[in-house]
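J.: Residue strings, one per chain:
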Amino acid sequence: MSVVYSRRLKKELQEIQIEQADPAKRAAGIQLLQADDLKTWYFSIEVLGDSLYKNETFHLMVRFDPEYPFKSPAVQFVVSDKVKPPIHPHVYTNGHICASILGDDWSPTLSVMAICITIQSMLASCKKKELPEGNDDYVRTAPDNPKKTRFVYHDDTV
Amino acid sequence: MDQTSEDSHEPTVDDLRVKLCYICREEERHDRPPHPPTVWTHPCKCTLVAHENCLHHWIKTQQRDFGRSRGELKCPQCGELYEFEGFNPVILRIFNAVNRALSRSGRAITACCVGTIVLSSGAGVYLTCVTYGAFAVREFLGPDIFRTLLTTNPMNWPVHAWFYLPMIPFSLIVSRTPLVFWSTSPLVPLLFPWPSTIPVAAALAQSSSRSMRVGRRALWPPPPALVCALFPFVRVLYGRLRDRIIRSMVQDLVPTRAQLAQRRLQRRMQQGRQEHQRQGNQQDQPQHGQQPQQPQQPQQRAEPGQEPVQEPAPVRRDANDLGAVAARAIRVTGASLGRLVGGALLMPTIARIMGSMLLHISHAVPLIRTLIAPLPPPLPLPPPPPPTGPIGALVGLIRGTRDAQPDIALRRPFGATRVGYGTAVLRGVLATSHEWATSDPVWWRNALGLGVFLVVKDGLKILHLWLAKRELEERHIKNKSFAGIDLAELDLIERNK
Chain A
1 MSVVYSRRLK KELQEIQIEQ ADPAKRAAGI QLLQADDLKT WYFSIEVLGD SLYKNETFHL
61 MVRFDPEYPF KSPAVQFVVS DKVKPPIHPH VYTNGHICAS ILGDDWSPTL SVMAICITIQ
121 SMLASCKKKE LPEGNDDYVR TAPDNPKKTR FVYHDDTV
Chain B
1 MDQTSEDSHE PTVDDLRVKL CYICREEERH DRPPHPPTVW THPCKCTLVA HENCLHHWIK
61 TQQRDFGRSR GELKCPQCGE LYEFEGFNPV ILRIFNAVNR ALSRSGRAIT ACCVGTIVLS
121 SGAGVYLTCV TYGAFAVREF LGPDIFRTLL TTNPMNWPVH AWFYLPMIPF SLIVSRTPLV
181 FWSTSPLVPL LFPWPSTIPV AAALAQSSSR SMRVGRRALW PPPPALVCAL FPFVRVLYGR
241 LRDRIIRSMV QDLVPTRAQL AQRRLQRRMQ QGRQEHQRQG NQQDQPQHGQ QPQQPQQPQQ
301 RAEPGQEPVQ EPAPVRRDAN DLGAVAARAI RVTGASLGRL VGGALLMPTI ARIMGSMLLH
361 ISHAVPLIRT LIAPLPPPLP LPPPPPPTGP IGALVGLIRG TRDAQPDIAL RRPFGATRVG
421 YGTAVLRGVL ATSHEWATSD PVWWRNALGL GVFLVVKDGL KILHLWLAKR ELEERHIKNK
481 SFAGIDLAEL DLIERNK
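Going line by line, the protein sequences match chains A and B.
Residue numbering for the first sequence follows full-length UniProt numbering, starting at 1 and increasing by one per position.
Residue numbering for the second sequence follows full-length UniProt numbering, starting at 1 and increasing by one per position.
No wet-lab data here; the hints were simulated from the structure.
If you're wondering where the values come from, they're calculated on a predicted model, not measured in any experiment.
Hints are not guaranteed to be accurate.
One-sided excerpt, in silico: chain A residues whose CB lies under 7 angstroms from chain B [stated by the list, open to error]: (1) V4; (2) K11; (3) F70.
Distance ranges between label pairs, derived from CB positions [claimed, not checked]: (4) A/T109 x B/G122: 50 to 58 angstroms; (5) B/P37 x A/K10: 32 to 40 angstroms; (6) A/K25 x B/P37: 32 to 40 angstroms; (7) B/L92 x A/A28: 46 to 54 angstroms; (8) B/P37 x A/R140: 49 to 57 angstroms; (9) B/K74 x A/G49: 29 to 37 angstroms; (10) A/D136 x B/R242: 55 to 63 angstroms.
In silico DSS-like pairs for lysine-lysine, Cα to Cα no more than 27 angstroms straight-line [stated by the list, open to error]: (11) A/K71 x B/K74; (12) A/K25 x A/K11; (13) B/K19 x A/K148.
Cβ coordinates follow ideal geometry from the N, Cα and C atoms, glycine included.
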C-alpha cells in the first residue's frame, strides 16, 4: 500500500503548503518547518491567546511509515538545545505524547494537520503545568519511537 | 434526480459528481472515470466515501492490530457499524463461532492442565515422602514394631501418620545441615510420635484394652521421649568435643587457598635459607587465623639471614574466621548437596545395620547386652486387619459400609479426652503403649548403633584430615642430579676429592 502512502502524503503536503501561503486559510500558530521527504516532517506550534504556554514555541516531529494512513504517524515534541517540550500532564520530558488519536483512536479521516490542531488545543486547554505521573520511569525505559509504547488513555478531559 | 420516485431510486456513491476517498484522499470525477474503473463504497450514514480496496485495508489493519471483531468496525466519523455481505455462509459463521469458543475455553483448559500437573506432581512428591517415611520408621523401629504400630496396610494408619511420615525425609536432611545450629534431632520424627500411638494391629485385635501406660517397664532402655529430649544436648556436647579434638590435632583444618599459598611461600623461603645457612632446624609454624593481607610479612621473610618470626599459633580458631564460615557454607552447595541428602536418607538403614551388628556383638559381650537390653521377638501377629484408618474410613464411606471403628481411630491420640491437660502432656512425654513397652527395643539399639556409626565416621574423618595435613607438611619436591646433561655447560664449584 505504499502507493496510497506516497499519494496521500504528497496530497497532504500540497494542501498544507497551500494553506501556509494563504493567511486566511492557515491554522493560527502552526507552521510547517521542514518536509524534505515523505518520512519526517517538522512543525512549530504556538498556543495563541490566553494560555499557560503563552510566548512559548514548541517543535513537533512527525514520522511516517508506509502503513500511513492506515496507521497513525509517530508524533513527538522535539527535545534539543534550542527547543524544549511543553510541561504538560500528557507530555513526557523526552517529548513523547500520550494522546489517544496517536494510537487506538487514529483513523484515516484524520490528517497531519488535524493532529497538529488537536495537540495545539490539548495545550491550550491545560489547567496546570505538571509532568505526567511516572515521567522518570517512562523516560528511562522508553523506546525511541513513541509508537512502540502502549499508552493507557485514562483521561479524556485534557 | 427524480425526487418523486425516491423509493425506486435513492442516490448512491455512484451518483456523486466528485468522489473523495477519505482514506487515500484520491479524487475521482464522474466525467473522467479511470481505466480500469475502481469500486467505490459508501458504508455508513454520513458523507464519507472510500475506495472499497482502501476500506478493506483499513478494516484488515483494525482487525490485525487491535483485535477488533466485525461487530466493532464502524465509521470513524458517524460511528455507524459497517455491514458486510457476500460470501459469509452459515457454515463459516459456525466455524468462526466454534473457533472463538474454543479459544476462550482453551485458556481454561490450559489453567486446568497446569493445575493438574502441579497437583499431581505435588501428590507424587507427597506419596514418595510418605513411602520413604514409612521405610525409615520400619528400618529404625524394626519390622516387628512397625507391623504392630502401623501395619503394612496404609489404610490402617492413624491420621497423624500422614503428617509425620512425609516430614521424616525433610527433617533428616535438615538435621544434617550445618547451617542450622539448633539442628533438630533426626531421632525426633523417627521416634517421638510412635511410642504414644496405639498400635493399629493391637487396637483392631482387642478394642477393649486401648489404654496408655506410663512407663511400667524398668527405666532401661530410657523412654523414647526422654531420648528425644536429651539428644540435642548430647549432640551439642559431642560436637564441641569433636571440634576441640579436630582443632588441637589438625590445626589448619580446611585451610583457605590464601593460607595454603602463604604457607607454601614460607616453606620455599625456608628451604632457601637452609641451603644458604644450613639452619635445618627452623620449623616454620603455620599461621592460623592470620589474614594474608599483611604486606610486611613476605618482605621480612625474603631477606636472607633474618630469622623467621615465631608467632604462637592460636590455640583455637576464631569463630568468626571467614574461612571456617565459607567451609561450612560450601558443605551445602554443589556436589556435596547430593552427599548431604543421600547421607541423610541412608541414616535409618545405617542405624538398622549398626543396630543388628550391636545385637550380634551382644551375644558375646555381656556389657553390650545389658546396654541394648534386647528382648525375644514378640508373639506372632494376628492376621492383617481390615482397613480402618482415615483412608480406610474414606474407602468405607465410599463403599457405604462405615462402622463405628474409624471414629475411635480418629479420636485416639493420647487418649486425653477425660484427663487434665497436664496429665495428658505428661502422658504424651512418658507414656508408651503396652505393645511398645513390651516389645524388643530395636529403636534403642539402632539409635545407639547410629551414634557409634557417627562417632566412627568422625574419627575416620579426623584421621583423613590429619593424614592429609601430614602429607601437605612433609611434602618435598624430589631433588634430582644433573645426570645426562653436558657438564661443560654448567658452572660447577671445584670440589677437592
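J.: Taking each numbered hint in turn, which are not upheld by the structure, reported in ascending numerical order?
T.: 5 and 13
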